[in-house]
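Turn these sequences into a full structure, and let the hints guide you.
There are 2 protein chains.
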Amino acid sequence: MSTTAPAGFRAAGVTAGLKPSGRPDVALVVNDGPLDVLAAVFTSNRCKANPVLWSEVVARTGRGRAVVLNSGGANCYTGPQGFAATHRTAERTAELLGCGAGEVLVCSTGLIGEQLDAERLLAGVDAAAGALSAEGGDDAAVAVMTTDTVPKTSVVERDGWSCGGMAKGAGMLAPALATMLVVLTTDAVVEPADADAALRAATAATFDRLDSDGCQSTNDTVALLASGASGVRVGAEELAAALRPLCADLASQLLSDAEGSEHDVAITVRGAASEADALEVARSVARSNLFKAAVFGRDPNWGRVMAAVGTTSAAFDPAVLDVSFNGVAVCRDGAVGEPRSLVDLSARDVEVVVDLKAGPEEATVWTNDLTHAYVHENSAYST
Amino acid sequence: MSTTAPAGFRAAGVTAGLKPSGRPDVALVVNDGPLDVLAAVFTSNRCKANPVLWSEVVARTGRGRAVVLNSGGANCYTGPQGFAATHRTAERTAELLGCGAGEVLVCSTGLIGEQLDAERLLAGVDAAAGALSAEGGDDAAVAVMTTDTVPKTSVVERDGWSCGGMAKGAGMLAPALATMLVVLTTDAVVEPADADAALRAATAATFDRLDSDGCQSTNDTVALLASGASGVRVGAEELAAALRPLCADLASQLLSDAEGSEHDVAITVRGAASEADALEVARSVARSNLFKAAVFGRDPNWGRVMAAVGTTSAAFDPAVLDVSFNGVAVCRDGAVGEPRSLVDLSARDVEVVVDLKAGPEEATVWTNDLTHAYVHENSAYST
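Residue numbers (this note's numbering), protein chains in the order written: chain S, 539 to 921; chain H, 539 to 921.
A hint or two may mislead.
[To be verified] Chain H is faced by these chain S residues, among others (derived, beta-carbon under 7 angstroms): (1) 583; (2) 584; (3) 617; (4) 685; (5) 754; (6) 827; (7) 831; (8) 844; (9) 845; (10) 849; (11) 856; (12) 872; (13) 908; (14) 913.
Please keep in mind that the hints were generated in silico from the structure rather than gathered at the bench.
Glycine residues also receive a C-beta, built at the ideal position from the N, C-alpha and C atoms.
Okay, structure coming up:
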C-alpha cells in the first residue's frame, strides 16, 4: 500500500510514454488532508536538476498538496526550457487538484542533459490525476522505477496512525546518481516544524549513510506529506521514531537492489573520538574501490581497509587499530591477527568493524561491492 | 638505462624468492658519488608501511648512498617483526656497501599484512650487491614490478649532465595502493635543499596529479639520488625543469599500464578562481565511478561530469558551466550543447575539459576508466 497506507492519501502511476520501454513513468501522490503539511530534503549537489530548484522553493513553505514524479528523464541541465517543463507540470497538477502550483512538489529521474517531452508529461499528469485512488500507492511505486528491478515500499503502523513510503533508486546512493526519490506519508497530526525535524533526523541516520558508489545525484529528493487524517497528534520525536524504521527499511531495499551488487556491506567504526570521525572513516572505507572489489572477490583484504582509514583526518593511532570481517579479528593492534582464511564472505551481508580506540563514538555506513555487473550497467547504459 | 644512465650510479635486480612467481624481486640502486645527496617524498597515508617509517627518517638527513627495494611483500602492518626486517635490510646493505644503515633508503611493495621472509630478503640483498653494475638500471626496473606488465624507465639528457629514473605501479595511484615506487638519479652537482625543492616541484605537477582509482597506498615513495659525477652544478629550478619531464614520462607510463584500463583520461579544469579549485574539481571528476564507467562504455556522459563538479566547494555558477569531450562542447552554459553523437571515445586517450568561468587558473588530473578488467584484477588477486 506504500504511500496510501495512511489515511488521507490517494496515488496513481501511469504510462506517459517518456520511457522507450513503454513502462509506467508518471506517479502522483496527493494529500487530501485535512492537513497539508510538507517537509522535504534534497541533494546537497550544487548542480541541481530543475525539479529540485522548483521543489526547494515549495518545501520552504512547509505546506504542500501533492508530489508529482516522472521517470524517463532527469530534467537536469536542460536550461530555461527544462525549468518551464517543471513549472508547467506543477501548474497542470495544481489545476487538476484545485490547489496552487506552489503546493506541488515535482521530482524527475532519468538521463541528465536531455529535454523531457513536456506534452507527453502533461498528458501523463492528466491521466494520473484521473487514476488517483486510495489504493494507488503500489502503482505509484512502480512508475518511479528506472534501473530498479523491484518497487520499494514500506509501512510502519502505530497506535491509531501510520506512516507509508515508496522509494526508487538502484543504488548509486550518496545519496547519488540514478537518483534516489522517496515519498513518505503519514496521517498523524503534526506541526510543519516537527515534520521537518523528524524527517531530517530520520534521513540523517538512514539514507544519508547509504553510500553505494560515492556518487551524488543532481535530483535526490525525500518528501514527507502529513494529512492529519488519523486525528492523532504526534511530536517531532515520536514521528522521527516511526520514520526511522520506515526509512531504514526503504534504504535497505535500495541497497539490496543496487546496480550489479552482490554484497551489502555494513562498515561500522567504533572507538571514535566523535561521531563525525566515525562517519569520515566509515565513508572512506565505503568509497575505496580496492576494498569494494576485494569484497566482490570474497577476499577479507584488511590492508585495503587500513589504507582507506589512513587517508582520513580522524583521531587514531595506526599502531593500535583493530579490523574485523564478519566477526573475525583479522587485524589486531595494527598487526596481523586471526588468519584471513577463517573469514567467509560468501553470504550477501558483510560486516566490517574498525576500532579506532580513540573514544566512545561509533557510526555505520552501508555500501555495496564493486562488481563486473556494476561496470556493465554503468558503461553500457546512459543514466 | 634507467637509474644508471647518469654517471656515478650502479644498480642490480635479482631474484630472492619473495614472489611465488619466481620473478626478480630485489633491486638495489647505489650512488657512488662523489656526492651523496638524497631527497624523497612519501605517501601522505597515515597508515604507513615499515619501510616508509624507516625511510622518512633517513631522508630527513638529505644524504644517502643507496635505495634497496623489494617486491613480493609490502611489509605494512607487520608490527615490530616487520620493522626489524626493514632495519636489517638497511644494515645488511650498508655493511655490503661500506656505509651506515642511516644512509640506506628501503622500499617494499606487495600484499599488506603479511610478514616478509627476512632471510630470503637478506640473501637477495647479498646477491644484488654482488650483481651491481653501471648497466644494471634496467634489471632493477624489472625487479620492482608487481602487477606491472612492463618495466617503466626514462632518461632526460641535459648539457653535460642527465637524469634517469625507474617506476613501478600498475595504476591505482593517488599516489595509491599497489604502491608507486620511483627512484630518480642525476649526476648533477646539487645542494640537498635544492634537490628536495626540485623533487617536490616535479612530483607535485606529475605523480601527485595521477589519480587512477582514488586509493592511496601505504608504501608510496619517490626518491632522488644525486651523485655530482658530471661536475655540472645546477640550481633547484634547473633541476626541477629536468625532473618534470622525467616524472611526467614515468607517470604517463604508469597510467598507460594501470590495471585493466582501456582509456587514459586527462581532465582539465579551466577558468578556476584558484589552482586549488581547479584541482579539487578535476579530482572529483577523476574519482567518479559513474564517469569512469561511462568512459569505458565510450559514452560522453557529461551529466556525470556535472554531478561530480557539483559535489565540490570550488567557486562556480552551475548555470554557466561548459564541458567538452575530445573537443566537442557537449555542454554549453549549463545546458545541452553539441550532440553527444559527435564524440568519438574509441581511442585510448580521452580529454575532458570543464570550464568553470570563475577565474584564470587551471589544472589537469589524469585518470583511467573503470573496466571489467579492473574489477577482475582487484577482486581475483590480493594486493
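Should the interface hint for residue 584(S) be scored as holding, given a Cβ-Cβ cut-off of 7 angstroms against chain H?
-> Status holds, d = 4 angstroms.
Minimum Cβ distance from residue 844(S) to chain H below 7 angstroms?
-> At 5 angstroms from the nearest chain H Cβ, residue 844(S) passes the 7 angstroms test, so the hint holds.
Going by Cβ atoms only, is residue 831(S) closer than 7 angstroms to chain H?
-> holds (4 angstroms)
Residue 583(S) as chain H interface residue, shortest Cβ-Cβ below 7 angstroms | holds (4 angstroms)
Hint status (Cβ of residue 913(S) to nearest Cβ of chain H, threshold 7 angstroms) = For residue 913(S), the interface hint holds, since the closest Cβ of chain H sits about 5 angstroms away, which is under 7 angstroms.
Measuring from the C-beta of residue 827(S) to each C-beta in chain H, is the shortest one below 7 angstroms?
-> holds (5 angstroms)
Residue hint residue 685(S), partner chain H, criterion CB-CB below 7 angstroms | Residue 685(S) check fails; min Cβ-Cβ to chain H is 12 angstroms, beyond 7 angstroms.
Answer holds if the nearest beta-carbon of chain H is closer than 7 angstroms to that of residue 872(S); otherwise answer violated.
-> holds (6 angstroms)
Grab the minimum C-beta distance from residue 849(S) to chain H and call the hint holds if it beats 7 angstroms, violated otherwise.
-> holds (5 angstroms)
Restraint outcome when residue 754(S) is required to lie within 7 angstroms of chain H by C-beta distance | holds (5 angstroms)
Can the hint on residue 845(S) be confirmed by a CB-to-CB distance to chain H that is less than 7 angstroms?
-> holds (5 angstroms)
With 7 angstroms as the cut and Cβ atoms as the points, is residue 908(S) at the interface with chain H?
-> Since the shortest Cβ distance to chain H is 6 angstroms, the answer is holds.
The structure does not agree with numbered hint 4 stated previously, though it agrees with all others.
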